[in-house]
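Chains as they are written, first to last, in our numbering: chain F, 1386 to 1672; chain Z, 1386 to 1672.
Hints may contain errors.
Claimed, not checked - Listing some non-contacts, in silico: residues in chain Z with all C-beta distances to chain F over 12 angstroms:
| # | residue |
| --- | --- |
| 1 | 1411 |
| 2 | 1421 |
| 3 | 1424 |
| 4 | 1475 |
| 5 | 1494 |
| 6 | 1539 |
| 7 | 1542 |
What the hints assert, rightly or not - Straight-line alpha carbon distances no greater than 27 angstroms define the calculated BS3-like cross-link-like pairs of lysine-lysine that follow:
| # | chain 1 | residue 1 | chain 2 | residue 2 |
| --- | --- | --- | --- | --- |
| 8 | F | 1513 | F | 1625 |
| 9 | F | 1513 | Z | 1671 |
| 10 | F | 1513 | F | 1671 |
| 11 | F | 1671 | Z | 1513 |
| 12 | Z | 1407 | Z | 1513 |
| 13 | Z | 1513 | Z | 1671 |
Note that these hints are calculated values from the structure, not bench results.
For every residue, glycine included, the Cβ atom is placed at its ideal position computed from N, Cα and C.
There are 2 protein chains.
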Amino acid sequence: MIEQLTLIGPGLITGSLALALKQAGAVQRVTAWARRQETIDQALASNVIDSGSTDMAEAIQDASIVVLGTPVGAMAEVLEQLKPHLTDEMILTDVGSTKGSVVEAARQSLGTLPATFIPAHPIAGTEKSGVGAAFAELYQGRRIILTPVDETNEASLSAVSSMWEQCGAEVISMGVEHHDEVLAATSHLPHMLAYALVDTLARMDESEEIFEYAAGGFRDFTRIASSNPDMWHDICIANKEALLSVLHRFSEDLNQLTRAIEQGDSAYLLDTFARAKGARDRFAEKF
Amino acid sequence: MIEQLTLIGPGLITGSLALALKQAGAVQRVTAWARRQETIDQALASNVIDSGSTDMAEAIQDASIVVLGTPVGAMAEVLEQLKPHLTDEMILTDVGSTKGSVVEAARQSLGTLPATFIPAHPIAGTEKSGVGAAFAELYQGRRIILTPVDETNEASLSAVSSMWEQCGAEVISMGVEHHDEVLAATSHLPHMLAYALVDTLARMDESEEIFEYAAGGFRDFTRIASSNPDMWHDICIANKEALLSVLHRFSEDLNQLTRAIEQGDSAYLLDTFARAKGARDRFAEKF
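So that you can see chain F by itself, here it is in the shape it has in the complex (with noise of 0.2 angstroms):
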């Protein structure tokens, strides 16, 4: 049972994960800390926390688990704001997309990383955002990747562990690097073709009409393209050069692709498609 769990920056992860440790009857108690009270009245409202406040001291006071919800361009500035009230006895995670930049940023605010730091990504989410969305069941089944380093102490990842588990969720562990890779191939590149994407069609004279006759394929393949763009900012800032090498990896195959319907070169679009379709039908399978 976690006695206090304090989240920084209540959000829609932060806030479901509050969600299904009350549900599963996990926690005690749940407090949060926010830049703006709106927020906090939120959460309140939402029955994601029990109690809120914008002074740091006061909300992490006593917890067990502090989970760090901001944005990842932002960890670094509320780590140091974090810092002069953490004790050695709370357990420190974090929820961010991107895991190098969240490490580091923690290593330079707090000058060492503490043994009790556990860098963490929920692979989960929807294209909504903010505490008002949070939902109980959000990480049912999903998986969640936890990215040990040399400092990180058993007992401060059992416990991060544990809380998952508790959420319905599978934990997994990976290095830091090696889950910037895998996150950039299958999240952070998909979403910047959806960007790109929208916004490429929206700023074409005929938008108003493109986007008329638009079925539901369109609609799969751009939902992402909703999603908040200052976390998507961070992300491109925070996870750069394995996001730049997926990047242009993907620009020379569409380059070939292009290419080959210049030429209408049939066997080229056949293989690539065949070839696609058929990893596309196993991971369906899978999920």
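With chain F fixed as given, assemble chain Z onto it according to the hints.
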């Protein structure tokens, strides 16, 4: 009431049309021609057709409306086969994803474009294909684009229009070329991006693991990469010019986004993501 509807190449799209018309009590008899007996057997087993034949003359005898469901790349050849059996009383229409190429194929194969030929494109479908995947509700609330040409006769246009309305669809008209440009943007380009993305990832060394950690956003984003490769090969060939035009436009925008990530250009990233999110949210409201 349509006396006899004849499907040339029964599949998801034409099969769903037949089922919808049957459910609405708007057709007396449905027949089909297919290259392979197996397809006819499957259409019979799915209650899509009342009878079928691999012999064109037999299949289209007494047809009131003939619906071409063949991939756009096979239209010319099928129209050649159809030609000797067409009568002036038969209305001819299609469900191809491109319209310029179909009109061109009809002009060439039939000598002149019959006044009773109505080029049509239902904006509906799933990533599945084949007549076994057909269902009566596919067209409820969906749009059907008709692209009448100079030769088009009003009575035929109105018969095809009414056929689709009885399936619960909304029928609209636009020019052939305009259709192909709009669909290149909203449908053909997204399919290319989904195929290219899945193929890029599938060819990476860690591809198995990459798909392992993909989440809901990825599943939605890549659903259309499970579409039929032959059909999309044909579309690439048939709508080459319009598709290349939007592909080039998209590539330029993606290159600019890539440069912004390289240079850490926050203003560009935030503007682009926010503009895309705005357009996607407005689209989602309408859908």
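12 angstroms cut-off, C-beta based - residue 1475/Z kept clear of every residue in chain F = 29 angstroms, holds
query = Would the pair residue 1513/F and residue 1671/Z pass a check requiring their Cα atoms to be no farther apart than 27 angstroms?
reply = Distance ~17 angstroms between residue 1513/F and residue 1671/Z Cα, so the pair holds.
27 angstroms Cα cutoff - pair residue 1513/F, residue 1625/F = 24 angstroms, holds
Residue 1539/Z and chain F, when compared Cβ to Cβ, separated by more than 12 angstroms = At about 24 angstroms from chain F, residue 1539/Z clears the 12 angstroms cut-off, so the statement holds.
ask   = Going by Cβ atoms, does residue 1424/Z stay more than 12 angstroms from chain F at every point?
value = It holds; residue 1424/Z is separated from chain F by about 20 angstroms at its closest Cβ, greater than 12 angstroms.
request  = Would you check whether the claim that residue 1411/Z is not at the interface survives, using Cβ distances to chain F and the 12 angstroms cut-off?
outcome  = 23 angstroms, holds
Check on residue 1542/Z being off the interface with chain F, judged by Cβ distance over 12 angstroms = 19 angstroms, holds
key: 27 angstroms limit on alpha-carbon distance, applied to hinted pair residue 1671/F and residue 1513/Z   = Satisfied, since the Cα-Cα distance of roughly 17 angstroms is no more than 27 angstroms.
query = Keeping to a limit of 27 angstroms between CA atoms, is the pair of residue 1513/F and residue 1671/F held or broken?
reply = 25 angstroms, holds
request  = Take a quick look at residue 1494/Z and tell me if its Cβ sits farther than 12 angstroms from every Cβ on chain F, holds or violated.
outcome  = Consistent with the label, residue 1494/Z stays out of reach of chain F, its closest Cβ about 20 angstroms off (over 12 angstroms).
query = Is the Cβ of residue 1421/Z more than 12 angstroms away from each Cβ in chain F?
reply = 20 angstroms, holds
27 angstroms Cα cutoff - pair residue 1407/Z, residue 1513/Z = 22 angstroms, holds
In this structure, none of the earlier numbered hints is contradicted; all agree with it.
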